[in-house]
Amino acid sequence: MLQTTSHAQTYKRSNRVLRRSYALCPVAPPFGLEGAVLPFGPPGSFGQSPAVRGKRSERVMAATRTASRACEIFTTLEYGPAPESHACALAWLDTQDRHLGHYVNGQWLKPEHRSSVPCQDPITGENLASCLQAQSEDVAAAVEAARASLENWSTQPGAIRAQHLTRLAKAIQKHQRLLWTLESLVTGRAVREVRDRDVPLAQQLLQYHAVQAHTQEEALAGWEPMGVIGLILSPTFPFLDMMWRICPALAVGCTVVVLVPPASPTPLLLAQLAGELGPFPGILNVISGPASLGPVLAAQPGVQKVAFCGAIKEGRALRRTLAGWVPELGLALGAESLLLLTEVADVDSAVEGIVDAAWSDRSPGGLRLLIQEAVWDETMRRLQERMGRLRCGHGLDGAVDMGARGAAARDLAQRYVSEAQSQGAQVFQAGSEPSDSPFFLPTLVSDLPPASPCTQAEVPWPLVVASPFRTAKEALAVANGTPRGGSASVWSERLGQALELAYGLQVGTVWINAHGLRDPAVPTGGCKESGSSWHGGQDGLYEYLRPSGTPAWIPCLSKTLNYDAFGLAPPSTLPAGPETGPAPPYGLFVGGRFQAPGARSSRPIRDSQGSLQGYVAEGGAKDIRGAVEAAHQAAPGWMSQSPAARAALLWALAAALQRREPNLVSRLERHGVELKVAKAEVELSVKRLRAWGARVQAQGCALQVAELRGPVLRLREPLGVLAIVCPDEWPLLAFVSLLAPALAHGNTVVLVPSGACPIPALEVCQEMATLLPAGLVNVVTGDRDHLTRCLALHQDIQALWYFGSAQGSQFVEWASAGNLKPVWVNRGCPRAWDQEAEGAGPELERRAARTKALWLPMGD
Amino acid sequence: MHDKGITTAAVCVYPARVCDAVRALKAAGCDIPVASVATGFPAAQTHLKTRLEEIRLAVEDGATEIDVVINRTLVLTGQWKALYDEIRQFRKACGEAHLKTILATGELGSLTNVYKASMIAMMAGSDFIKTSTGKETVNATFPVAIVMLRAIRDFFWKTGNKVGFKPAGGIRSAKDSLVWLSLIKEELGDEWMKPELFRIGASTLLADIERQIYHHVTGRYAAYHDLPMS
Numbered sequence: 001m002l003q004t005t006s007h008a009q010t011y012k013r014s015n016r017v018l019r020r021s022y023a024l025c026p027v028a029p030p031f032g033l034e035g036a037v038l039p040f041g042p043p044g045s046f047g048q049s050p051a052v053r054g055k056r057s058e059r060v061m062a063a064t065r066t067a068s069r070a071c072e073i074f075t076t077l078e079y080g081p082a083p084e085s086h087a088c089a090l091a092w093l094d095t096q097d098r099h100l101g102h103y104v105n106g107q108w109l110k111p112e113h114r115s116s117v118p119c120q121d122p123i124t125g126e127n128l129a130s131c132l133q134a135q136s137e138d139v140a141a142a143v144e145a146a147r148a149s150l151e152n153w154s155t156q157p158g159a160i161r162a163q164h165l166t167r168l169a170k171a172i173q174k175h176q177r178l179l180w181t182l183e184s185l186v187t188g189r190a191v192r193e194v195r196d197r198d199v200p201l202a203q204q205l206l207q208y209h210a211v212q213a214h215t216q217e218e219a220l221a222g223w224e225p226m227g228v229i230g231l232i233l234s235p236t237f238p239f240l241d242m243m244w245r246i247c248p249a250l251a252v253g254c255t256v257v258v259l260v261p262p263a264s265p266t267p268l269l270l271a272q273l274a275g276e277l278g279p280f281p282g283i284l285n286v287i288s289g290p291a292s293l294g295p296v297l298a299a300q301p302g303v304q305k306v307a308f309c310g311a312i313k314e315g316r317a318l319r320r321t322l323a324g325w326v327p328e329l330g331l332a333l334g335a336e337s338l339l340l341l342t343e344v345a346d347v348d349s350a351v352e353g354i355v356d357a358a359w360s361d362r363s364p365g366g367l368r369l370l371i372q373e374a375v376w377d378e379t380m381r382r383l384q385e386r387m388g389r390l391r392c393g394h395g396l397d398g399a400v401d402m403g404a405r406g407a408a409a410r411d412l413a414q415r416y417v418s419e420a421q422s423q424g425a426q427v428f429q430a431g432s433e434p435s436d437s438p439f440f441l442p443t444l445v446s447d448l449p450p451a452s453p454c455t456q457a458e459v460p461w462p463l464v465v466a467s468p469f470r471t472a473k474e475a476l477a478v479a480n481g482t483p484r485g486g487s488a489s490v491w492s493e494r495l496g497q498a499l500e501l502a503y504g505l506q507v508g509t510v511w512i513n514a515h516g517l518r519d520p521a522v523p524t525g526g527c528k529e530s531g532s533s534w535h536g537g538q539d540g541l542y543e544y545l546r547p548s549g550t551p552a553w554i555p556c557l558s559k560t561l562n563y564d565a566f567g568l569a570p571p572s573t574l575p576a577g578p579e580t581g582p583a584p585p586y587g588l589f590v591g592g593r594f595q596a597p598g599a600r601s602s603r604p605i606r607d608s609q610g611s612l613q614g615y616v617a618e619g620g621a622k623d624i625r626g627a628v629e630a631a632h633q634a635a636p637g638w639m640s641q642s643p644a645a646r647a648a649l650l651w652a653l654a655a656a657l658q659r660r661e662p663n664l665v666s667r668l669e670r671h672g673v674e675l676k677v678a679k680a681e682v683e684l685s686v687k688r689l690r691a692w693g694a695r696v697q698a699q700g701c702a703l704q705v706a707e708l709r710g711p712v713l714r715l716r717e718p719l720g721v722l723a724i725v726c727p728d729e730w731p732l733l734a735f736v737s738l739l740a741p742a743l744a745h746g747n748t749v750v751l752v753p754s755g756a757c758p759i760p761a762l763e764v765c766q767e768m769a770t771l772l773p774a775g776l777v778n779v780v781t782g783d784r785d786h787l788t789r790c791l792a793l794h795q796d797i798q799a800l801w802y803f804g805s806a807q808g809s810q811f812v813e814w815a816s817a818g819n820l821k822p823v824w825v826n827r828g829c830p831r832a833w834d835q836e837a838e839g840a841g842p843e844l845e846r847r848a849a850r851t852k853a854l855w856l857p858m859g860d
Numbered sequence: 001m002h003d004k005g006i007t008t009a010a011v012c013v014y015p016a017r018v019c020d021a022v023r024a025l026k027a028a029g030c031d032i033p034v035a036s037v038a039t040g041f042p043a044a045q046t047h048l049k050t051r052l053e054e055i056r057l058a059v060e061d062g063a064t065e066i067d068v069v070i071n072r073t074l075v076l077t078g079q080w081k082a083l084y085d086e087i088r089q090f091r092k093a094c095g096e097a098h099l100k101t102i103l104a105t106g107e108l109g110s111l112t113n114v115y116k117a118s119m120i121a122m123m124a125g126s127d128f129i130k131t132s133t134g135k136e137t138v139n140a141t142f143p144v145a146i147v148m149l150r151a152i153r154d155f156f157w158k159t160g161n162k163v164g165f166k167p168a169g170g171i172r173s174a175k176d177s178l179v180w181l182s183l184i185k186e187e188l189g190d191e192w193m194k195p196e197l198f199r200i201g202a203s204t205l206l207a208d209i210e211r212q213i214y215h216h217v218t219g220r221y222a223a224y225h226d227l228p229m230s
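First to last, the sequence lines map onto chains Y and G.
Be aware that the first sequence starts at 1, since it is given in the UniProt record's numbering, and climbs by one per residue.
Be aware that the second sequence starts at 1, since it is given in the UniProt record's numbering, and climbs by one per residue.
No wet-lab data here; the hints were simulated from the structure.
Mixed in with the good hints, there may be bad ones.
Label-pair ranges, simulated between beta-carbon atoms [stated by the list, open to error]:
(1) Y:Val344 / G:Ile32: 42 to 48 angstroms
(2) G:Leu25 / Y:Met858: 45 to 51 angstroms
(3) Y:Val427 / G:Arg220: 52 to 58 angstroms
(4) Y:Gly431 / G:Glu196: 25 to 31 angstroms
(5) G:Thr7 / Y:Glu378: 36 to 42 angstroms
(6) G:Thr7 / Y:Ala457: 54 to 60 angstroms
(7) G:His47 / Y:Val344: 37 to 43 angstroms
Here are a few chain G residues that sit away from chain Y, every Cβ distance over 10 angstroms (derived from the structure) [as the list claims (entries may be wrong)]:
(8) Ala9
(9) Val11
(10) Arg23
(11) Gly40
(12) Glu53
(13) Arg56
(14) Tyr84
(15) His98
(16) Thr137
(17) Ile200
In this text, a Cβ means the ideal position worked out from N, Cα and C, and glycines have one as well.
Generate the whole structure from the sequences, applying the supplied hints.
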């Protein structure tokens with residue numbers, strides 16, 4: 001009885017009804033305009049002959065003559081058709097003679113002797129056009145164009161780039177009908193979503209990023225554009241996903257080559273709109289071709305980053321293939337979302353959220369739905385009732401909720417449903433469709449056994465898989481018990497509970513009492529296997545920036561690197577004589593104390609003259625396992641520490657280092673470092689700890705206001721267990737410079753110190769044993785390649801920083817595909833740890849934590 | 001269209017005009033019911049006794065539908081039991097006449113209050129719940145309507161009784177009325193799309209509907225003077 005109501009969702013629902021009302025209108029339906037003016041070419045070039053023109057008008061007229069149905073609609077009150085004319089989309093295709101190529105350097109590229117695939121209306125199967133498939137030469141031509149225009153584009157003042165992006169936004173505004181009818185026609189998505197959401201958002205994205213470009217010189221000083229960006233889109237992602245990525249890339253001064261799946265005309269249209277603006281034709285190039293061209297694109301000289309959105313499996317394969325190939329790979333994988341419905345939710349609003357998330361043609365993926373048991377029956381009833389009112393139909397009908405997505409998507413959904421049924425699930429669909437229908441009805445799957453394969457698998461579009469939970473703790477355990485971490489919404493009218501759940505969810509975006517909101521200023525991304533690349537907001541800009549002065553990328557791919565053998569076993573070491581001087585601390589620093597290594601063997605450490613300095617423990621796979629476990633145990637405690645407590649601990653460590661200065665200096669000296677330099681290294685290390693301690697306090701949460709009423713919090717959350725392989729150089733400073741930001745951001749750490757000189761790090765461990773909570777920092781000495789292998793292949797490490805050889809970097813990238821952990825590698829290039837920019841710059845800050853966007857709509 | 005028997009669902013007047021309206025309709029030979037506002041419309045700031053008497057008099061004069069306004073103070077101060085009792089008394093005073101309860105949603109403060117007030121009005125025996133008097137600054141809005149419609153559906157699911165819905169105020173164009181029709185269809189379904197369960201309170205809507213039909217038939221937009229005054 002005491003039902004409460006959340007304002008934002010109620011309002012959205014009313015907007016949706018408003019749009020649909022046209023279909024009830026027997027009198028004056030809002031038909032599309034005939035004879036839309038095309039943006040391109042001379043006026044006479046479309047509608048080739050009067051005959052063709054006449055035919056086209058006839059088709060539209062036929063659509064408008066629904067008069068005979070008017071009386072019927074008055075009596076039955078059924079929805080009539082509310083078709084949107086797609087004449088202008090067809091006319092645009094006609095300008096290309098229904099034969100689409102690629103759009104490169106401001107021109108259409110239609111090379112001969114290429115195979116082509118048909119672009120079909122997914123609902124009628126009608127052939128709309130044929131699309132050429134790119135080959136390696138076409139990819140090379142596109143990259144060459146992007147490379148040629150890079151210098152001009154990236155050296156323009158931000159204000160000029162801003163103007164150009166604004167002009168593109170205007171161009172989209174002027175030709176939006178063409179854009180939305182084309183997109184809806186070829187993808188089959190409901191025109192309502194494309195017209196009312198995607199197209200306006202595309203313009204907002206351009207405008208937002210124009211502002212970012214305008215202020216780039218001041219706001220992003222110290223960063224430079226990466227260069228040519230290769231973007232690979234998979235078929236399930238609409239053109240908007242391209243916009244989310246090209247806007248920041250272009251804004252900061254990169255140029256882009258987009259590889260779109262076969263038969264996707266909308267990105268080509270956008271490229272044409274951009275290309276015909278004039279002065280910078282080569283900044284956006286679109287080629288269409290099979291996904292297998294991805295590695296070809298990545299391998300082109302000059303490509304500095306590859307961004308990929310697609311399925312998790314494809315992303316993982318790409319990560320392995322591209323190890324050592326490109327400087328950066330950004331992955332945005334999977335499309336599943338999660339909805340958590342508590343017993344104090346406004347169930348009707350949450351049902352609308354479910355519709356938004358899975359059945360509105362807004363989301364490319366399916367939905368996992370967690371329902372608190374107390375409201376399970378009520379939710380199911382309301383949900384099934386609502387499902388009965390959803391309409392599937394032609395995407396260009398204004399009163400349709402869901403269009404069709406083609407045979408591949410339908411088969412994927414069908415396969416999941418059949419498997420779920422065989423695993424004991426209940427499947428509910430309102431109504432039924434013949435098996436040869438292009439549509440797949442909204443589907444609700446429940447009663448899946450928790451351990452069944454389908455529960456673990458990604459839920460495909462347009463499915464909702466519901467499962468119950470009892471307590472908030474259980475909800476979090478179930479929600480986080482998946483390898484994916486994209487987006488989620490929490491439905492609860494109790495703010496405290498909602499926030500607790502929102503903070504506990506391991507995902508990139510959380511909406512409270514809403515689902516699927518987007519804004520250019522709000523970063524969107526994920527964690528775990530959903531990939532760690534971001535778009536939108538500041539985070540989206542940094543994806544295409546690198547610190548100024550980063551050395552040019554030299555391909556360091558080692559084709560002979562045997563991944564199966566790299567670092568497989570540490571070389572055996574033999575006793576090398578007695579230690580001279582004071583013995584260093586012995587053992588692996590794991591779980592807060594020095595422990596004997598599992599292998600029970602040691603490795604000698606020699607000083608610069610080659611005489612034996614001491615023995616350190618030889619760590620191995622089991623020691624890494626133990627260290628990771630210890631780090632996980634310490635993680636919840638450290639994460640929940642206040643920033644002030646973290647800062648205090650870092651400062652205490654700094655003071656301890658200062659006390660130990662003579663000791664550390666002499667250790668460094670024995671390693672061949674000059675006294676003056678050694679002193680400076682220790683002093684700088686102390687300074688670094690203090691500086692990161694101070695920056696902990698300043699982290700805070702940026703508050704942004706987006707389209708909705710209410711704030712969006714940009715949280716910076718710890719990555720979890722962070723593994724760090726320190727470089728050989730600067731044995732103390734590099735160790736501290738990497739450790740301090742990791743701790744400051746709330747991570748727990750497993751660390752491999754300098755291989756040549758691990759002893760200063762072990763000295764610091766002696767201090768940490770008394771100062772830090774057990775397990776917060778774990779230091780494992782031993783063979784670097786072997787330890788790197790163990791860390792990179794470990795599935796429960798959330799991120800890995802590797803500073804070592806080029807081969808090691810390549811291996812780390814390859815092995816990270818296992819759990820798709822974000823990695824940071826140096827490819828054998830030394831880093832100036834004593835310089836502020838490289839040793840303590842904002843790059844470290846960015847990499848040491850992950851972002852979470854938390855949407856908090858207001859209203860009662 | 002003439003043979004379709006399309007009329008308004010009722011003629012709604014102030015209490016003092018009920019007699020006139022009944023007489024006029026009788027003279028015209030049509031059986032459209034006469035509805036009367038009552039209970040100190042539109043502010044409801046009179047004594048309960050007066051408000052009840054007003055209902056009785058209107059019914060005596062021949063009104064077969066009574067639109068009452070709830071006491072907003074009771075909602076804003078959370079006196080739900082008192083609100084229920086008042087509407088029960090209105091119900092009794094109506095006798096055979098239909099009771100339409102105006103919630104004056106523009107002045108209830110929150111959507112949660114709208115939901116609670118809707119529920120109480122239905123529990124106390126209203127045949128219709130109505131958004132507003134048309135005299136508040138905020139009248140029938142879609143978010144409020146959705147909340148009321150969901151309350152109607154919840155009430156139906158719990159009791160099996162169908163209560164009607166009437167938005168009022170600010171609905172001036174044919175296009176607006178279509179949105180309202182869709183809203184009912186979406187939230188409550190086709191069963192509610194009939195005059196017994198759905199009405200639009202609108203004094204200026206008719207002319208626009210006529211103009212739209214004119215356009216549909218002739219392909220031209222009519223000037224207001226092309227159509228009879230309404």
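request  = Sort out which numbered hints this structure fails and list those numbers smallest first.
outcome  = none
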